[in-house]
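Q: Residue numbers (the numbering used here), protein chains in the order written: chain A, 1 to 387; chain B, 1 to 159.
Please keep in mind that the hints were generated in silico from the structure rather than gathered at the bench. There's no promise every hint is true.
[Claimed, not checked] No more than 30 Å apart at the CA atoms, straight line, and that leaves these computed lysine-lysine pairs for DSS-like:
(1) A:Lys382 to B:Lys25
(2) B:Lys25 to A:Lys328
(3) B:Lys25 to A:Lys308
(4) B:Lys149 to A:Lys282
(5) A:Lys30 to B:Lys149
(6) B:Lys54 to B:Lys108
(7) B:Lys90 to A:Lys381
(8) B:Lys120 to B:Lys90
(9) B:Lys148 to A:Lys30
(10) A:Lys293 to B:Lys10
(11) A:Lys308 to A:Lys83
(12) A:Lys214 to A:Lys184
(13) A:Lys381 to B:Lys25
(14) A:Lys30 to A:Lys381
(15) A:Lys382 to A:Lys328
(16) B:Lys90 to A:Lys282
(17) B:Lys149 to A:Lys342
(18) B:Lys25 to A:Lys293
(19) A:Lys138 to A:Lys194
(20) B:Lys10 to A:Lys308
(21) A:Lys381 to B:Lys149
(22) A:Lys381 to A:Lys328
(23) B:Lys140 to A:Lys382
(24) B:Lys10 to A:Lys345
(25) A:Lys83 to B:Lys25
(26) A:Lys293 to B:Lys148
(27) A:Lys184 to B:Lys25
(28) A:Lys293 to B:Lys140
Single-letter residue listing:
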Amino acid sequence: MNVADMVLPKIKNLPPSGIRKYFDLLSEMKDAISLGVGEPDFVTPWRVREEGIFSLEKGHTHYSPNAGYIALREEISNYLNRKYNFNYNPSDQVLVTVGASEGIDLALRALVGEGDEVIFPEPSFVAYMGCIKVSGAKPVVINLNEREQFKLTAEQLSNALTERTKVVILPFPNNPTGAVLEEKDLREIVNVLKDKDVIIISDEIYSELTYGQKHVSIASFKEVADKTIVINGFSKAFAMTGWRLGYACGHPAIIDAMKKIHQYAIMCAPTTAQYAAIEALKSCDEEVSNMVKEYNRRRRVLVDALNKMGLDCFEPKGAFYVFPSIKKTGLSSDEFCERLLKEYKVLMVPGEAFGACGAGYVRATYANSMENILEALERIKKFINTL
Amino acid sequence: MEELLNVLEKNSRLNEEQLAVMLDKSTDEIKSQIRELENSNTILGYRTLINWEKTSKESVTALIEVRITPQRDLGFDKVAERIYRFPQVKACYLMSGGFDLTVVVEGKTMKEVALFVSEKLAPIDGVLSTATHFILKKFKESGVVFEKKEDDDREALVL
Chain A
1 MNVADMVLPK IKNLPPSGIR KYFDLLSEMK DAISLGVGEP DFVTPWRVRE
51 EGIFSLEKGH THYSPNAGYI ALREEISNYL NRKYNFNYNP SDQVLVTVGA
101 SEGIDLALRA LVGEGDEVIF PEPSFVAYMG CIKVSGAKPV VINLNEREQF
151 KLTAEQLSNA LTERTKVVIL PFPNNPTGAV LEEKDLREIV NVLKDKDVII
201 ISDEIYSELT YGQKHVSIAS FKEVADKTIV INGFSKAFAM TGWRLGYACG
251 HPAIIDAMKK IHQYAIMCAP TTAQYAAIEA LKSCDEEVSN MVKEYNRRRR
301 VLVDALNKMG LDCFEPKGAF YVFPSIKKTG LSSDEFCERL LKEYKVLMVP
351 GEAFGACGAG YVRATYANSM ENILEALERI KKFINTL
Chain B
1 MEELLNVLEK NSRLNEEQLA VMLDKSTDEI KSQIRELENS NTILGYRTLI
51 NWEKTSKESV TALIEVRITP QRDLGFDKVA ERIYRFPQVK ACYLMSGGFD
101 LTVVVEGKTM KEVALFVSEK LAPIDGVLST ATHFILKKFK ESGVVFEKKE
151 DDDREALVL
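Extracted from the complex, chain B is given alone in its bound form (with noise of 0.2 Å):
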C-alpha cells in the first residue's frame, strides 16, 4: 500500500496496469486497492503541480499566522473550520509554537489578499490576531524544485 501511494505521489498519471507491473501486482488488486484508498479518504484527489509563474496569471501567496482563543469542548476546530471553509484559504494547519493557526491564502493582488485577512480573517469571533507574510518566490513545492530540471550529463554509452 505505501509504495503504491509513494509512487502515485510522485505520478498520479500512471494507469492500473503500468502500477500492477511496476509493483509486482494484478491489474485487479491494484484497482481495488485504490478504490479502498480511495473510499477511506486516503487518496483525496489527483492534482497537478504547476508554476503558475509561467502563465500570465496574476497570482500572489501569503503565509498569514493567525493567534486564536480556543473554545471550551472545541478547541481550535471550529474557528479553523470557519477560515478554511474560504475559497480563498489554500491551506489551513493548526501550529505548535508562537502562533496556532498558519493559513495560506491565495489571492489575484496583494490587495486583494489583505482585504481578505482584515475583511474576512481577522474579524471573525475567537481570532486574537494576524501576520501576514507574502511569498516572494517559490523555490520548491511538494518536493519539487521550480527552477528547470538538471540536465543529464552522463557519457551517453558507458560500459
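Just chain A, with the same shape it has in the complex (with noise of 0.2 Å):
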C-alpha cells in the first residue's frame, strides 16, 4: 500500500503555502523586523490572564456544555446587543468556538457540499478557499480591486450568483486589505441576497478594529437577519489568539447544526480560555478602546510614509494590516519581498498569499510597536531609494 495515496485528493491537491521560503529565509536571520505577523502584538490584557488562571486555581479543568458555558454565551449575546443591536438568545443562537476559524469551517460544513458553490473575495484570508475545497464545494472567487477600495460591490456579487450558490462569505473588515463594508454598502449587497436561497457568513473577526467609524453588520439589515451566520472571536478585539476562542452567531437551525459537527469533533472549547474570555467582554472596552486608538496611530504613520516614499497605500478603515501596490517599482510582488527581507531585513507578505488578485501588492501589518514600525519604515525607503 502506498500511504500517500491514501490520503483524499481534494487534500492532496490543497496547494502548499506559497511563502513557505519566507518561513526559511526568516529562520536565518537575527534582527529581522516582521510586519507579517497576522495577530495583534498586545498581550491579554491582564485581568483577562489573571482570571483564566483563577479558574485554573478553583479547578475549573472539565469539559464545558458543547456551546460553551451558557454564562459566556449570555455575555457574549449582551456584548453583540450593545455593540451592534443584535438579539441573539445564548440559549440556541450563540455557539463558542475554538477561534472564528472552527466557526468558519463548522458552518461550511454543515451547508455545503458537492455541487454547492461559495462566493467569497479576494484578496482575503487564506482559510477560506482551504475549508470551501475540504467541504467538496466550489469556491467562486470574486476579484476585488483598489479603485473599489477593495470593496465587494453589488454588481460584482449579483454577475457571481448561479442557481448552485448556497453560501456567500463577507470578510470584512478585511484581512489583508483593511477594506471595510459601510451601511449604503451593505444595503446593495441585501437588496441583492434578500430574496435568493442563499447563506451568508459574515467574518467579523476585525469588527472591533475599525477607525473613524463604527462596525456596520451586514445581520443588523433585517431583510438577512435570519439567513446571516456572524463569526467572530477575541484573537483580535481582546488579543486573546492564542486561547483559540469564537463564537458563531445565527438562526437556531444552522447553529445547531454546526454545534452537533463541533460536539462530535471538538466537544468544547477550552474551559480556562471561557472564563477568561466572560472577564474580557465584561470589563475590557477601556483596554481594547486604548488598543484600537494605538493602531489607529500606527496605521497613520505607515499609510502617510508608504504613499511619501510613493508606494501607492490604499487608506485602510479597519483591521491592522496596510495593502500597498510596489506596481511602480517594477518588481513582482514575490521579488519585492524577497528582496527587502534579504537586504534589508523588514518583511512583508506578498498579496498574491491572499489570491491571484493581490499580484502587484504586498501587505504589511501595524500589529508591532510604533518603534519596530518607525524602523522598518527607514529601512523599505532605503530599499526604495536603491531600486
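Take the two lone chains and join them into the complex the hints point to.
A: Now the structure itself:
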C-alpha cells in the first residue's frame, strides 16, 4: 500500500503555502523586523489572564457544555447587543468555537458539499479557499480591486450568483486589505441577496478594529438577519489569539447543525479560555479602546510614510493591515518581498498569498510597536531608493 | 489634546511631524497645542525614565509618612512647601488616612536619608512625627515594569 495514496485527492491537491520560503529565510536572520504577523502584538490584558489563572486555581479543568458555558454565551449575547444591536438568544443562537476559524469551517461543513458553490472575495484570508475545498463545494472567487477600495460591490456579487450558489462569505473588515463595507454598501448587497436562497457567512473577527467609523454588520439588516451567520471571536479585539476562542451566531437551525459537528469533532472550546473571555467581555472596553487608538496612530504613520515614498497605499479603515501597491517599482510582489527581506531585513507578505488578484500588492501589519514600525519604514525607504 | 498628552507621556521623543501624522493634525496645530500645554503648565517637562540600579550610581529612596499640624488659613500647604523645597525631596503628596504627607526622599546612602529626616524634616515647625520606609526594590514606576521587556514570541509570519 502506498500510504500517500490513501489521502483524499481533494486534500492532496490543496495548494501548499506559497510563503514557505520566507520562513526559511527568516530562520537564518536575527534582527529582521516582521510586518508579516497577522495577530496583535499586545499581550492579553492582565485582568483577563488573571481570570484564566484563577479558574485553574479553582479547579475548573473539565469539559464545558458543547455550545460553551451559558454564562459566556449570555455575555456574548449582551456584548453583541450593546455593540451592534443584535438580539441573539444565548440558549440556541450562540455557539462558542475554537477560534473564529472553527466557526467558518463548521458553517461550511454544515451547509455545503459537492455541487454547491460558495462565493467569496479575494484578496482575503487564506482559510476560506481551503475550507471550501475540504467541504467539496466549488469556490467562486470575486476579485476585488483598489479602484473600488477593495469593497465587494452588489454588481460583482450579482454577476457571480448562480442557481448553485449556497453560501456567500463576507470578510469585512478585511485581511489583508483593511477594507470595510459601510452601511450603504451593505444595503446594496442586501438587496441582491434578500430574495435568494443563500446563506451569508459574515466573518467579523476584526469588527472592533475600525477607524473613524463604527463597524456595521450585514446581520443588522432585518431582511437577511435570519440567513446570516455572524462569525467573531476574541483573538483580534482582546489580543487573545493563543486562547483559541471564537463564536458563531445565527438562526437556531444552523447553529444547531454547527453544534452537532462541533460536538463530535471538538467536544467544547477550552474551558480556561471561556472563563477568561467572560472577563474580557465584561470589563475590557477601555483596554480595547486603548489598543484601537494605538493601532490607529500606527496606521496613519504607515500609510503616510508609504505614500510619501511612492508606494501608493489605499487608506485602510479596519483590521491592522495596509496593502500598498508596489507596481511602480517594476518588481513582482514576491521579488519585492524577498529582496526587502534579504537586503533590508523587513518582512512583508506578497499580495498573491491572499489570492491571485493580490499580485502587485504587499501586506504589512501595524500590529507591531511604533518603534519597530518607524525602523522598518526607514529600511523600506532605503530599499526603495536603491530601485 | 488628551490623546496628544497620552502619546507624549509614553514617549516624549516623538517630534512634531511624527505626532502630526499619528494624530491626524497639521504640524502647526501640534506645535501650537504643545506650546499652549507648556504655557499652562499642563506639560511640566520632558524627562527620561532611568533604572539607576543598572548604573554604578549609589542611591536610595525612602518613602516618609509625615504627620503635621495644619495651620489656620494655610492648611497643610505652608508646611508642605517648607518640605518640598528641599532638592532631596523628589515628590510630596497630601494624603487621606492615618498620616498627612507622603514625602519621597532620595539620597546616596540610608544614613544620608536618615540624617536628612532627623536634621531637616522632623524639626520643621508643625511636623508632629515621621516614619521612614526605605524602598528595597522597584518593580514598576510610572507604568513601566523595570525587568527586561517580554520578548515578542509571535511566529514571524502569520496569514
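Q: Compare the structure with each hint and give your call.
A: We went through each hint and held it up to the structure:
1. Proximity of lysine 382 of chain A to lysine 25 of chain B is assessed by CA-CA distance (about 27 Å); at most 30 Å being required, the pair is judged to hold.
2. Restraint check for lysine 25 of chain B and lysine 328 of chain A: the C-alpha separation of about 29 Å stays at or below 30 Å, so the hint holds.
3. Straight-line distance between C-alpha atoms of lysine 25 of chain B and lysine 308 of chain A comes to about 17 Å, which keeps the hinted pair within the 30 Å bound.
4. For the given pair, lysine 149 of chain B sits about 28 Å from lysine 282 of chain A by alpha-carbon distance, which is consistent with the 30 Å threshold.
5. Among the hinted pairs, lysine 30 of chain A with lysine 149 of chain B is consistent with the structure: their alpha-carbon atoms are about 18 Å apart, no more than 30 Å.
6. Proposed proximity of lysine 54 of chain B and lysine 108 of chain B is supported: the alpha carbons are some 15 Å apart, at most 30 Å.
7. Using a Cα cut-off of 30 Å, the hinted pair lysine 90 of chain B and lysine 381 of chain A is violated, with the two alpha carbons roughly 44 Å apart.
8. At roughly 15 Å between alpha-carbon atoms, lysine 120 of chain B and lysine 90 of chain B fall within 30 Å of each other, so this suggested pair holds.
9. Only pairs whose Cα atoms come within 30 Å are accepted, and lysine 148 of chain B paired with lysine 30 of chain A is accepted, the gap being roughly 19 Å.
10. With a CA separation close to 14 Å, the supplied pair lysine 293 of chain A and lysine 10 of chain B stays within the 30 Å bound.
11. Only pairs whose Cα atoms come within 30 Å are accepted, and lysine 308 of chain A paired with lysine 83 of chain A is rejected, the gap being roughly 36 Å.
12. Between lysine 214 of chain A and lysine 184 of chain A the CA atoms are separated by roughly 13 Å; this keeps the pair inside 30 Å, and the hint holds.
13. Restraint check for lysine 381 of chain A and lysine 25 of chain B: satisfied, since their Cα atoms lie roughly 23 Å apart, inside the 30 Å limit.
14. A C-alpha spacing of about 21 Å is found between lysine 30 of chain A and lysine 381 of chain A, which places the hinted pair at or below 30 Å, so the restraint holds.
15. In summary, the hint linking lysine 382 of chain A to lysine 328 of chain A is supported, as the alpha carbons are separated by about 16 Å, within the 30 Å threshold.
16. Taking the CA atoms of lysine 90 of chain B and lysine 282 of chain A, the gap is about 39 Å. The hint is violated against a cut of 30 Å.
17. A distance of roughly 27 Å separates the Cα atoms of lysine 149 of chain B and lysine 342 of chain A; the hinted pair therefore holds under the 30 Å criterion.
18. Restraint check: the Cα-Cα separation between lysine 25 of chain B and lysine 293 of chain A comes to about 15 Å, which is no more than 30 Å; the hinted pair holds.
19. About 22 Å separates the Cα atoms of lysine 138 of chain A and lysine 194 of chain A, which keeps this hinted pair within 30 Å; it holds.
20. For a cut-off of 30 Å, the pair hint linking lysine 10 of chain B to lysine 308 of chain A stands: about 26 Å separates their Cα positions.
21. Restraint check for lysine 381 of chain A and lysine 149 of chain B: satisfied, since their Cα atoms lie roughly 28 Å apart, inside the 30 Å limit.
22. Between lysine 381 of chain A and lysine 328 of chain A, the direct Cα distance comes to roughly 14 Å. Compliance with the 30 Å bound is thereby established for this hinted pair.
23. Taken as a hint, the lysine 140 of chain B and lysine 382 of chain A pair is broken in the structure, with Cα atoms around 38 Å apart against an allowance of 30 Å.
24. For the hint linking lysine 10 of chain B to lysine 345 of chain A, the alpha-carbon distance of about 27 Å falls within 30 Å, and the restraint holds.
25. Pair hint lysine 83 of chain A plus lysine 25 of chain B holds up; C-alpha atoms about 29 Å apart against a cutoff of 30 Å.
26. For the proposed pair lysine 293 of chain A and lysine 148 of chain B, the alpha carbon gap of about 25 Å is at most 30 Å, so the pair holds.
27. Between lysine 184 of chain A and lysine 25 of chain B the CA atoms are separated by roughly 28 Å; this keeps the pair inside 30 Å, and the hint holds.
28. As the CA atoms of lysine 293 of chain A and lysine 140 of chain B are separated by approximately 24 Å, the hinted pair is consistent with the 30 Å bound.
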